[in-house]
Amino acid sequence: MPDVFSDPRCAAILDIVATETGVARAALVPEATLDGLGIPSLDLIHTLFAIETHFDVEIPTVIGREGAEFVTMGDLVGHILATLDRAAA
Amino acid sequence: MRRRVAVTGLGTISALGTGVAALRSAMAAGRCGIGPISTIPTDRLTVPIAAEILDFDPSAHFDRRQMLMLDRASQLALVAAREALDGIDLAAMPAERCGVVLGAAIGQTTMDAGYLALYGAEATRLPPLTVPRGMPSAAASQVAMSFGLHGPCFAIASACASSAHAIALAAQMVRAGQLDLAVCGGSDASICVGYLKAWDALRVLSADACRPFSRDRSGLVIGEAAGILVLEPWELARARGAMIHAEFLGCGMGADAGDLTAPSAEGAARAIRAALDDAGLAPDAVGYVNAHGTGTRLNDSTEAAALRAVFGAHLARLPVSSSKSLHGHCLNAAGGLEAVVTTLALREGLLPPTLGFREADPHCELDCVPNVARRASIGVALSNSFAFGGLNAVLALGAA
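So the sequence lines, in the order shown, correspond to chains A and B. Every position in the first sequence, counted from 1, becomes a number in our numbering once 1408 is added. Every position in the second sequence, counted from 1, becomes a number in our numbering once 1 is added.
If you are wondering where the hints come from, they were derived from the structure by calculation, not from laboratory data. Watch out, some of these pointers could steer you wrong.
Here are a few chain B residues that sit away from chain A, every Cβ distance over 12 Å (derived from the structure) [stated by the list, open to error]:
id, residue
1, 4
2, 46
3, 47
4, 126
5, 133
6, 199
7, 200
8, 279
9, 309
10, 316
11, 317
Pair by pair, the computed Cβ-Cβ distance ranges are [claimed, not checked]:
id, chain 1, residue 1, chain 2, residue 2, range
12, B, 118, A, 1415, 28 to 34 Å
13, A, 1475, B, 368, 25 to 31 Å
14, A, 1414, B, 61, 41 to 47 Å
15, A, 1473, B, 261, 26 to 32 Å
16, A, 1473, B, 87, 34 to 40 Å
17, A, 1433, B, 202, 36 to 42 Å
18, A, 1440, B, 201, 50 to 56 Å
19, A, 1495, B, 68, 39 to 45 Å
20, A, 1448, B, 91, 23 to 29 Å
21, B, 199, A, 1464, 28 to 34 Å
22, B, 239, A, 1448, 40 to 46 Å
Ideal placement from N, C-alpha and C gives every residue a C-beta, glycine not left out.
With the rest of the complex left out, here is chain B (with noise of 0.2 Å):
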């Protein structure tokens, strides 16, 4: 059995705002949601700049039993879940055929509390639900538990892939016929002081902005994020008279198999080439590409390498922008929320912008439709994710 499988429901929330509207605006707009760190203390932090989400208040979506279980990746998800299914009559559908997909989200900021508390100030216990808060797959959980869903539920890993490849797996299932319907995507709400600091030691944050593809680029900027896909049957969807944003075409995914942080072209156009072989399509059927584009010296050069592979002289003519440069790399939930700001590509019209580009690098040499958003009707769209350890997750998605 291989069925179509259409994209029915999009939820996000990112420094860009809540809500899809939110999200397309600040594409639009080429609006940065990048600026100082205002959430946690920056004494001990190089690094001075993220992507926060500012005005998200837990209180308004959670009473106080709630967010006892919930870290801030499980609200922002269930946020963003709720968004994706509004609408969605669930209580038509056969519970067991509906399943939850997610990047594994650990719970960042509960841990670090935690351990500040245990080592910082030498706490003899820790609250009861660091465990099951801080589980990478308790994001996934609780979107079953809300919604009431009984298929399949779990959490994939694949650092910064983690979510394209959850949104990878659930469509395989999806058209596979194991899934009538299927919640995916990711979330992360990683910036507390550990983790940025361990980020820092890695030495690929940038101080000052995330500039994808430009000569002058300093690095990625980590962002806080949840992106979540709703997907049906085609046919289904179509029969119930869904909305349907977007169709999910293919995917591809594959290991580099080398270098542990070093991206490989090699590898990241094999995923391509893999993504438009499960979609059928031949290189220039592709429109518009949102590009793993992190903003480091290596992925960029790297990725373009790859992109010159694949497409080659079809590639003067691709737009290939990085909206990591408005929402920031939002590691575990990166994958869920290009594939929502790909979908609006599809469905809008509307490319996002790489902001902060100022000089052309002859190692990048590609349309990355530089600072201002644009205006472009495309049947396909490919989202890229390369993720440390070698692991690529490369999604197809077309017009509806």
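Chain A on its own, in the form it takes in the complex (with noise of 0.2 Å):
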């Protein structure tokens, strides 16, 4: 997986995921995964909902995995970059 992380949006989208987990912006890191933060699917939904807000963008549902999309933060970071990156395109 490329760094997602060194993506310069990436910031305001860990700052959306501390604010509304309640998780610590520190603990955020590419390999944790959800679970391990203890982030429950409702605040997931909520978190996703506030990051389609702050960029205006419609996140889709990842296909084929709907309702467990995102193992880890890697995996939540790379698909918001995708859809911002097609919605740039």
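The task is to assemble the complex, starting from two chains supplied on their own in separate frames and drawing on the hints.
Here it is, written out as structure tokens:
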């Protein structure tokens, strides 16, 4: 996986994740799992909604993984950045 | 098994205030909770009045995270359930023997705001909890989650009789030994532009006041509320030293199986007779009826005809009032709120008045306790709920 966390848009994403989930910003590293961070699915849904609102973009559901889309923070941030790239294209 | 059923908890919030004490004082004073609509834009409404809850600040009851999950209908249900369960030591009861049966309240304000954003403002996405906030069983789930109750939990839909049917079924479950504690009744928060426009289209809303049984009555007035009862087996309630507000004596349910919106006197009379039969009561044992009494021309005359058919000469001695003239027609919550009112009538010996009454209607020859509350010691009272779709539920309650 490319180092998505070096992308300049990542800081805003992680700020929103920290605010919405209450997880310490420093714990939000690429290999951390959402389970390990104790982020319940309801909080993840709110987080995605807040990120959609912030970037004014619709983040599509990951096809084939509905309801369990992301294992790690890297998965999550990668999907969001890919969505932003597509929207900008 | 047929156990006696005690009403051991009461909770409410309505335009008349938060809590049973506020409801009781409004009943005694004949205070009306109906007024000009102030919580939503009215420029597109042709009917400017409702019975709104004006002094309710959700943030005083719920934290930010809870509020994200709660439509107003669930908020009202939780506030009333907290009051109804206050003082009951749930930790001392097996959680799987404690259940929740509420009327099915659609999260109207959540859905209305969502559709306004989607179609009006062309939003590309809706708030992520629109579905779990809007689902008609949301309030029942929230009550079970809030109190850790693991028994049967569901919501019942029968339009404006929903929470009366919910109480009837919950009481049957307690009576039959399926539950040792039931939180039942319902809530409704439907004061939003879309739903009021839908009601307006039915041409049954009054533009000035709710005047049940009055010759010049002009229709119903929508209200928002929650009314919750806690039911327990009589012997268990006595054994734990519970405060018993009233006894659930029986219920009658039935369908007109006729017109979609026009009520049937025969259908209403069948439900009233069924409630008396279930309770083992003769008609002349009844000392008060809390009427469905919506204030529409057709409902009130049909309900009067049904009462005349069941009670005959006894009707001349039987006070029948509509507390909807105080708290409005609270739709899905109506049966629950009015069961609380009826319980208070029994417990306090206090009959709520029918407000707005100006002139007798020969089609509604009743003692409707016009305009002023009345002191009366009664032993048995009925609460009528007759819904669109011809769905009828009548509860019989007795003094404790």
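Task: Whether the CB-CB distance between residue 199 (chain B) and residue 1464 (chain A) falls inside 28 to 34 Å - done: holds, 33 Å
Open item on the list: Please check whether the beta-carbon of residue 47 (chain B) is more than 12 Å away from every beta-carbon in chain A.
Closed with: holds, 35 Å
TODO: Can you let me know if the beta-carbon spacing of residue 1495 (chain A) and residue 68 (chain B) is within 39 to 45 Å?
DONE: violated, 31 Å
Open item on the list: Quick check for students: does the CB of residue 4 (chain B) sit more than 12 Å from each CB in chain A?
Closed with: holds, 39 Å
- [ ] Starting from the range 40 to 46 Å, see whether the pair residue 239 (chain B) and residue 1448 (chain A) falls in it by beta-carbon distance.
- [x] holds, 43 Å
- [ ] Could you say whether the range 28 to 34 Å given as a hint is met by the Cβ separation of residue 118 (chain B) and residue 1415 (chain A)?
- [x] Once the Cβ atoms are compared, 30 Å apart, the range 28 to 34 Å for residue 1415 (chain A) and residue 118 (chain B) holds.
Task: CB-CB spacing for residue 202 (chain B) and residue 1433 (chain A) relative to the 36 to 42 Å hint - done: violated, 52 Å
Task: Given as non-interface: residue 279 (chain B), which should sit over 12 Å from chain A by C-beta - done: Its Cβ never comes within 12 Å of chain A, the nearest being 43 Å, so this holds.
TODO: Classify the label on residue 133 (chain B) as holds or violated, using whether its beta-carbon is more than 12 Å from each beta-carbon of chain A.
DONE: Not fine: 9 Å to the nearest Cβ puts residue 133 (chain B) too close to chain A.
Open item on the list: If we take the beta carbon of residue 126 (chain B), is the closest beta carbon in chain A still more than 12 Å away?
Closed with: violated, 6 Å
TODO: Return holds or violated for the Cβ distance of residue 1414 (chain A) and residue 61 (chain B) against the range 41 to 47 Å.
DONE: holds, 45 Å
Task: Assertion that residue 46 (chain B) lies outside the chain A interface [Cβ separation over 12 Å] - done: holds, 30 Å
Hint check: violations occur at hints 4, 5, 13, 15, 16, 17, 19; the rest are consistent with the structure.
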